[in-house]
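Novice: Protein chains in written order, with this note's numbering: chain A, 121 to 216; chain B, 2 to 379.
A hint or two may mislead.
[Said to hold, decoys possible] Facing chain A, according to a computed beta carbon distance under 8 Å, are these residues of chain B, among others:
hint, residue
1, Met205
2, His262
3, Val266
[Said to hold, decoys possible] Covered by chain B, according to a simulated footprint, are these stretches of chain A (three or more residues, beta-carbon under 8 Å):
hint, region
4, 125–132
5, 191–197
[Said to hold, decoys possible] The list that follows gives simulated cross-link-like pairs (lysine-lysine, PhoX-like), each with its CA atoms no further than 25 Å apart:
hint, chain 1, residue 1, chain 2, residue 2
6, B, Lys308, A, Lys187
7, B, Lys56, B, Lys34
8, B, Lys308, B, Lys108
9, A, Lys187, B, Lys15
10, B, Lys108, B, Lys346
11, A, Lys148, A, Lys187
Keep in mind the hints are simulated off the structure, nothing from the lab. Nothing here was measured: the structure is a model prediction, and the numbers come from that model. The C-beta atom is built at its ideal place from N, Cα and C for all residues, glycine as well.
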Amino acid sequence: MCLGIPGRIVAITDEARLMAMADVSGVKREVNVACIADGPLEALIGHWALIHVGFAMSVIDEDEAAKTLEALRDLGEAQETLQQMAEGARALEGTA
Amino acid sequence: MKFASEFRDPTAAKGLLAAIAHKADEIGATGEKPVHIMEICGGHTHSIFRYGLDKLIHEGIEFIHGPGCPVCVLPMSRVDECVEIAERPEVIFTTFGDAMRVPGHKKSLLQAKAAGADIRMVYSPLDALEIARRNPEREVVFFGLGFETTTPSTALSIQQAAREGLNNFSVFCNHITVPEPIKALLDDPHMVLDGFIGPGHVSMVIGVHPYDFIAADYGKPLVVAGFEPTDLLQSVLMVLTQIAEGRASVENQYARVVPEHGNPVSLAAIADVYERRPSFEWRGLGEIDASGLRIREAYRAFDAEEKFGIGYAAGPRDVPEIEGCACGQVMTGRIKPTACPQFGKGCTPEMPLGALMVSSEGACAAYWQYGGARVAAE
Ligand code: SF4
Numbered sequence: 121m122c123l124g125i126p127g128r129i130v131a132i133t134d135e136a137r138l139m140a141m142a143d144v145s146g147v148k149r150e151v152n153v154a155c156i157a158d159g160p161l162e163a164l165i166g167h168w169a170l171i172h173v174g175f176a177m178s179v180i181d182e183d184e185a186a187k188t189l190e191a192l193r194d195l196g197e198a199q200e201t202l203q204q205m206a207e208g209a210r211a212l213e214g215t216a
Numbered sequence: 002m003k004f005a006s007e008f009r010d011p012t013a014a015k016g017l018l019a020a021i022a023h024k025a026d027e028i029g030a031t032g033e034k035p036v037h038i039m040e041i042c043g044g045h046t047h048s049i050f051r052y053g054l055d056k057l058i059h060e061g062i063e064f065i066h067g068p069g070c071p072v073c074v075l076p077m078s079r080v081d082e083c084v085e086i087a088e089r090p091e092v093i094f095t096t097f098g099d100a101m102r103v104p105g106h107k108k109s110l111l112q113a114k115a116a117g118a119d120i121r122m123v124y125s126p127l128d129a130l131e132i133a134r135r136n137p138e139r140e141v142v143f144f145g146l147g148f149e150t151t152t153p154s155t156a157l158s159i160q161q162a163a164r165e166g167l168n169n170f171s172v173f174c175n176h177i178t179v180p181e182p183i184k185a186l187l188d189d190p191h192m193v194l195d196g197f198i199g200p201g202h203v204s205m206v207i208g209v210h211p212y213d214f215i216a217a218d219y220g221k222p223l224v225v226a227g228f229e230p231t232d233l234l235q236s237v238l239m240v241l242t243q244i245a246e247g248r249a250s251v252e253n254q255y256a257r258v259v260p261e262h263g264n265p266v267s268l269a270a271i272a273d274v275y276e277r278r279p280s281f282e283w284r285g286l287g288e289i290d291a292s293g294l295r296i297r298e299a300y301r302a303f304d305a306e307e308k309f310g311i312g313y314a315a316g317p318r319d320v321p322e323i324e325g326c327a328c329g330q331v332m333t334g335r336i337k338p339t340a341c342p343q344f345g346k347g348c349t350p351e352m353p354l355g356a357l358m359v360s361s362e363g364a365c366a367a368y369w370q371y372g373g374a375r376v377a378a379e
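Pulled out of the complex, with its shape left as it was, chain A reads as follows (with noise of 0.2 Å):
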């Protein structure tokens, strides 16, 4: 919940809610982008950024990004986090 996970910025989904779809580790997943958004939200598609529960915090480039999700599975947290996805998606219809 605290190191975050690295995605790309794929498509934006909802423009007025700055809401993107984020490819994190093959993993499709809606992310708010409200704090990396500095003008059209179309300049972010195709970079990547660090997501926080959800919210892209920071832009980074490619090769930080591979190195971050390295580390992150050596600790399990890349492990860790895509579960949470899955759960969070199973909450939602009240499943999980």
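The hints should help you fit chain B with the ligand onto chain A, whose structure is shown.
Specialist: Showing chain B with the ligand alone in chain A's frame:
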């Protein structure tokens, strides 16, 4: 050799370890008279154990594990309050999974869920917002937990709920701040600290200046660090270099992610939604002035404390922590986890007694996970 395979960049790590040893010798740090460096963030604690940095590093460096794991510093009475809210029939209680196993006086959230309360683990407060949209007849409460890294997420979610008029959504706000407990530790006469490794992702939000008082008023170096092993080693070296040169300042090893002044959007959202409480209770540390946040008057409709008349809004509660648990002493670096009489006996990650055993960021769980069996047997 294990060392080489563990590190992505073993050459860099070896070079840094050698440089650290050199500096440690230069300032006369030894196993008997070590330099005490506190890593504040639980993520750093986890990383130090995962890579065995405490064992690889010069014996004159001792890591003191700080209070920077939000789950670990959560007092039992707050867990009780969560359970109390969650057990109301109209409530859907949403929380980060990390908080599920923290013991309360009667039960944890996990036990309350097993007993029938509608408690759902979510990844983000955004999930809680969506649950509120889909269940207009229910009260959806999100357990707002964490330091400055997660504070913006609940602030922005509350602002969003306000814009939508989502009145069945509220936050049970237990957000806490990093600089204030450090001040409390520095004011503690029993505490021996020579320098700090500052949290990376908290600083990404608040910048590096909130730590200025540590260098200016207390004369201790602080280096904001990333959580990869080479980041940590480099930061230790930077702290030692300051000590060797007789100076104390706030430096930023993690500038690739941490801007000097933090993240302006996050800071604006926090300032808009939250204000400081006069004081807040920390497990093991007691009440610390101005160390917790509450929801401002303007967003009162989204404050679970107001909605359910619970928590600090309901007046102070004085509930003792469990008998025989040494969490407080471990958290202030006074004893090592293994010195707690419950370590590995009454308290294990499967059946945690204290909060430091719940999360892999807690010092006790880290000790247990990375060599716990061995240390316990000693
Ligand atoms: S072993 Fe358990 S009870 Fe003892 S200090 Fe650690 S978490 Fe607390």
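Novice: All hints are to be evaluated individually against the structure, with a verdict given for each.
Specialist: Against the structure, the hints come out as follows:
no.: 1; hint: Met205; verdict: holds, 5 Å
no.: 2; hint: His262; verdict: violated, 13 Å
no.: 3; hint: Val266; verdict: holds, 5 Å
no.: 4; hint: 125–132; verdict: violated (count 0)
no.: 5; hint: 191–197; verdict: holds (count 5)
no.: 6; hint: B:Lys308 <-> A:Lys187; verdict: violated, 44 Å
no.: 7; hint: B:Lys56 <-> B:Lys34; verdict: holds, 16 Å
no.: 8; hint: B:Lys308 <-> B:Lys108; verdict: holds, 23 Å
no.: 9; hint: A:Lys187 <-> B:Lys15; verdict: holds, 19 Å
no.: 10; hint: B:Lys108 <-> B:Lys346; verdict: holds, 19 Å
no.: 11; hint: A:Lys148 <-> A:Lys187; verdict: holds, 20 Å
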